[in-house]
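A.B. asks: Sequence:
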Amino acid sequence: RDGLKPVHRRILYAMHETGNTHDKPYRKSARPVGDTMGKYHPHGDGAIYGALVRMAQPFSMGLKLLDGQGNFGSMDGDNAAAMRYTEVRMDKPAPFLLADIDKDTVDFQDNYDGKDREPTVLPARFPNMLVNGAGGIAVGMATNIPPH
Numbered sequence: 374r375d376g377l378k379p380v381h382r383r384i385l386y387a388m389h390e391t392g393n394t395h396d397k398p399y400r401k402s403a404r405p406v407g408d409t410m411g412k413y414h415p416h417g418d419g420a421i422y423g424a425l426v427r428m429a430q431p432f433s434m435g436l437k438l439l440d441g442q443g444n445f446g447s448m449d450g451d452n453a454a455a456m457r458y459t460e461v462r463m464d465k466p467a468p469f470l471l472a473d474i475d476k477d478t479v480d481f482q483d484n485y486d487g488k489d490r491e492p493t494v495l496p497a498r499f500p501n502m503l504v505n506g507a508g509g510i511a512v513g514m515a516t517n518i519p520p521h
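According to the numbering used here, the sequence shown is numbered sequentially starting from 374.
For the record, the hints were derived by calculation from the structure and aren't laboratory data.
Calculated pairs, DSSO-like style, for lysine-lysine (alpha carbon to alpha carbon, straight line, at most 27 angstroms):
(1) LYS476 x LYS378
(2) LYS412 x LYS401
(3) LYS476 x LYS397
(4) LYS488 x LYS401
(5) LYS412 x LYS378
(6) LYS465 x LYS397
(7) LYS437 x LYS397
(8) LYS412 x LYS397
(9) LYS465 x LYS401
(10) LYS401 x LYS437
(11) LYS437 x LYS476
(12) LYS488 x LYS476
(13) LYS378 x LYS488
(14) LYS465 x LYS437
(15) LYS465 x LYS378
(16) LYS401 x LYS378
(17) LYS412 x LYS488
(18) LYS437 x LYS412
(19) LYS465 x LYS476
(20) LYS412 x LYS465
(21) LYS378 x LYS397
Simulated DEER-style distance windows between Cβ atoms:
(22) ASP396 x GLY513: 39 to 49 angstroms
(23) LYS476 x MET448: 32 to 42 angstroms
(24) LEU503 x VAL479: 11 to 21 angstroms
Where is the CB? At the ideal position from N, CA and C, for every residue including glycine.
Turn these sequences into a full structure, and let the hints steer you where they fit.
C.D. replies: In structure tokens:
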């Protein structure tokens, strides 16, 4: 419905909660990674940082959701710098995925330890899956939808 994997949704929601928007200064990438891991996604910082990096790469997304500062990798396969060397904030389109989330527009569920709540889906005012595509393997099925 919103075209996001849970890790991407959780990163954007964590950044929304801390006010890390396009009109504010950049923050070290370790901050949203730590917030996401601590509250919503206890699967290790490498997976979370990798997802964050992809959302900041103009060559990976049709419409970037994050605005990164520093080395976020290249089309040639160069890796991004470590999260302690990069900075990030939401890019201008990202708030359109989160618009009106505080107005009971989507359902929320308990997080992994039951101490916080997270959205099951984002309200998404644009068709993110068509714009940014999707890719990966889950439950034995592969998906590769290129950005349009």
